[in-house]
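Quick mapping for you: the protein sequence lines, in order, are chains A and B.
All the letters of the first sequence, read from the start, carry residue numbers 0 to 615 under numbering that gives the first Met the number 0.
All the letters of the second sequence, read from the start, carry residue numbers 0 to 341 under numbering that gives the first Met the number 0.
A couple of the hints might just be wrong.
[As the list claims (entries may be wrong)] Covered, in the sense of this in silico footprint (three residues per stretch, anywhere, with C-beta under 8 Å from a C-beta of chain B), are these stretches of chain A:
no.	stretch
1	544-551
2	555-564
[Said to hold, decoys possible] To give an idea of the chain B side of the interface with chain A (calculated C-beta under 7 Å), a few residues:
no.	residue
3	GLN44
4	GLU49
5	ASN50
6	TYR70
7	HIS73
8	ILE75
9	ILE107
10	LYS197
11	GLN277
12	ILE281
13	LEU284
Quick caveat, the hints were computed from the structure, so don't treat them as lab data.
Here the structure is a predicted model, which is why all the values come from computation and not from measurement.
All residues carry an ideal CB built from backbone N, CA and C; glycine is no exception.
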Amino acid sequence: MTDKKEQITELEEVVIRFSGDSGDGMQLTGTLFSDTSALLGNDLATFPDYPAEIRAPQGTVGGVSGFQVHFGHSQVNTPGDYADVLVAMNPAALKANVKWAKHGGTIIIDIDSFTEKNLEKAGCVTDPLNQLGFRDFNIVRAPITTLTKESLKGLNLDTKSILRSKNMFALGMVYWLFHRPLEFTTKFFEDKFKKIPIIIEANKIVLKAGYFYAETIEALHPSYSVKPAQIEKGTYRNINGNTATAWGLLAAAEKSGLNLFLGSYPITPASEILQELSKRKDLGVKTFQAEDEIAGICTAIGASFGGQLAVTTTSGPGLSLKSEAIGLAVITELPLVIVNVQRGGPSTGLPTKTEQSDLLQALYGRHGESPLVVIAASSPSDCFHYAFQAAKIALEHMTPVILLTDGFLANGSEPWKLPKMEDLPKINPPLVEAGTVDYQPYQRLNESMVRGWAIPGTKGLEHRIGGLEKMAVTGAVSYVPENHQVMTIEREQKIDRVVDVVPDLEIMGDQDSGLLMIGWGGTYGHLYTAYRELKKEGYNFSFAHFNYIKPLPKNTHDILSGFKKLLVCEINLGQFANYLRMKYQDLEFMQYNKIQGLPFTVIELKEKIISLLEEQ
Amino acid sequence: MRNNNMAEDCIYTAKDFKSDQEVRWCAGCGDHAVLNAVHKVMAEQGFPKENYALVSGIGCSSRFPYYMNTYAFHGIHGRAAAIASGLKVANPDLHVWVVTGDGDSLAIGGNHFIHVVRRNIDLNVILLNNQIYGLTKGQYSPTSLEGQITKTSPYGTIESPFHPGELVIGAQGKFFARSLDNNVKLTIEILHEAANHKGTSIVEVLQNCVIYNDKAYAAITDKETRADRQLFLKHGKPMIFGKDNDKGIVLDGLRLKVVKLGENGINEKDILVHDAHQPNPILHLMLVNMNYPEFPVALGVIRAVKATTYDVKLEDQIEKVKAGSKIHTMNDLLYSGNVWSV
């Protein structure tokens, strides 16, 4: 055995991709590795890549589940483009993921799974390991299945349980490779399997077996180390976008003094928000799993009429179903948060993949003139902030707000510096007090044009609202032609005035660099990483990212008009670019689009920017 | 502010529940009588006026909210049950009423209708069944009779109609009652029972649309013959009907049968006694499906079975979870579990 200490190589950042059959436990393996790295002080970002089928036929490419983690000594904003280390538990996993492995990188495979039968299931005509392309990689052919069985021989465990723990063998190998301690993971086993000591024991044995195996064989590069990142002082936790969204809503409920009501219907990739909030009865949350998407939003509208912070959560197809009811919330001017976790569309599309293609639906996907506020989160952890903001704006401006996240943010996770509740702003909805004389439901109260919110149960404020056009001020049903115009304009202006609480657009880089890269929502991590790396490499351009879509920040035109070239990058065919074109007809926008159900890669963004800069 | 138990302190008359809006239903429409009954029942129930909320969907009947001087919400087509569910769950101290129609609740809103019944949320639902689409001017509805000629069935419908009572029982409904628009006394009596019942109460009102489906119920409402064609059910009372109170309902094997008292040795003892509280729905199902000419149509409270409501179960669960949890504030949650300090 060589002296390990002397051969540790320090790395700035590393990307690892764990892949296997959807029953192989790759999500757990990746999560355990990420947690350990986060506790060691690395900055990191993760992204799971799993099939829509719960258990696609075993061993097929369709059933491959992957989990990528990017961790580093410096700032990490994306899960990484290509993997330095790819773990593939079977031929299908290798076939599906080899395109994500960095040339010259390491591929760890379970050689026991490369049987003729499995190769056939994976649709491989010849053994991919014999193909030319694989010469570029350092391939570690580990007999993972055999050694897992061997190490558990002494335990009285059934074959199924034995095979189920082979992912821990792979994890053990990767832990050795990156010089990670095992304690956090063994602690996890002890908590998770408290009631089945034999499983704790088995997992510990296999994890260590993998670790020692990696140490023993010479095929692996001597261990690497990635030092802790320079991280701001504070208390942290790993959080994914869906949990952060749920918690942002909870925080808004606490800050507004209202109960949180969620009316929702399960849909990938948004269900986790409903699941997370269902746990929070201890904070008084009422979750209502409705019979369909329409009932999800309609119960929320009822709860909003009833004086609660009302929310509905969904993904694209569900947003379509909710359109009519969103219009009802617009005309009744009730606060409502609609969270849309975007996925690949149209129709059922790509349920587990990410996309930004619901932007125009969020803005305009309703009949009639039906304005509302649209905002977008840009990282897994800032889903907390934007969910909080969505609720704050909804409550203080008496309007529905659509919060756009996406599958990438929803499932991706990163360390998050925890806020203190006392540092968050208070939320002040325009509640009408009992005893108010001559309450008029549609009387506009102030500059922001909100109407007063009178809660059923409050004496003396009995009133009727609904979907028919309202008379200005009184809210009585009105078919008066001129009144309809007045009310239509008032509803639009009310949303326009939300601009007063929208922070100014900030740009990174020089105002006069000539090229502005523009993004919105979930692409932030990739765009920012491309920007940072190119700046480091000496390229001169600027970057602006939007979270507030409607209304746009006040200074948007001022900023944009200072650049000769404007490049809008988005995961759709150009919806935000077209929106900006409509708003700013004096400006010209270029587009960079990708629509594969996948995030941008930093590499392709950099190539695009470089090509534009070289044109100049 | 939301006190449920102030009934005795609040003296109201029906007038207190009328809004200042002009009622725009057609002259002779059955909805007028139902509106008056609701005003009267709400006044007599005596809860503070601000604790009533009425929700409707779309259709003629759904214009109801504008004629109320309570909190009220005019929703969108079919969704009244869902909106009302959210309102009641959010604010369980309110007395939430729903007014809907056969198109609103049994066609476009069918899904919400069966699920609100299944969940047993404490709502009082008035289902005005005129067997036609009125507001859209005369197309057939899911309760229109097979063969009925309407604008969209010029050769007669070829669809089998829903029977609301059957649907309610199929959805595990705990309360179902039936009235007639022109029998205000019965409607008031039933609405009181519906209001007092904890859980989803469905009250079907057979309602005449004078314009598009006039005389739909004439066979059972005609003054001359109605006593023989209507059966008023009362819990604990025998199922006797007829102009001369000489007819009754008996169970004959697995089906109901109309018998004449005094004939073939039948006397009052042989007649079925109505048990609205019986959880087993078999007999209730037979009663809701009785129809003229073979049977009289059953009116009154057909089924009223006690069960814990969704809203009560939810509040109980929240209290229980709160008591057993270490998390009481957002800060508790944020800093719980796997956190680390840098």
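### Query
Which numbered conditions among the earlier hints are violated in the structure presented, ordered from lowest to highest?
Numbers 1, 2, 3, 9, 10, 11, 12 and 13 - these are the hints that the structure violates, sorted from lowest upward.
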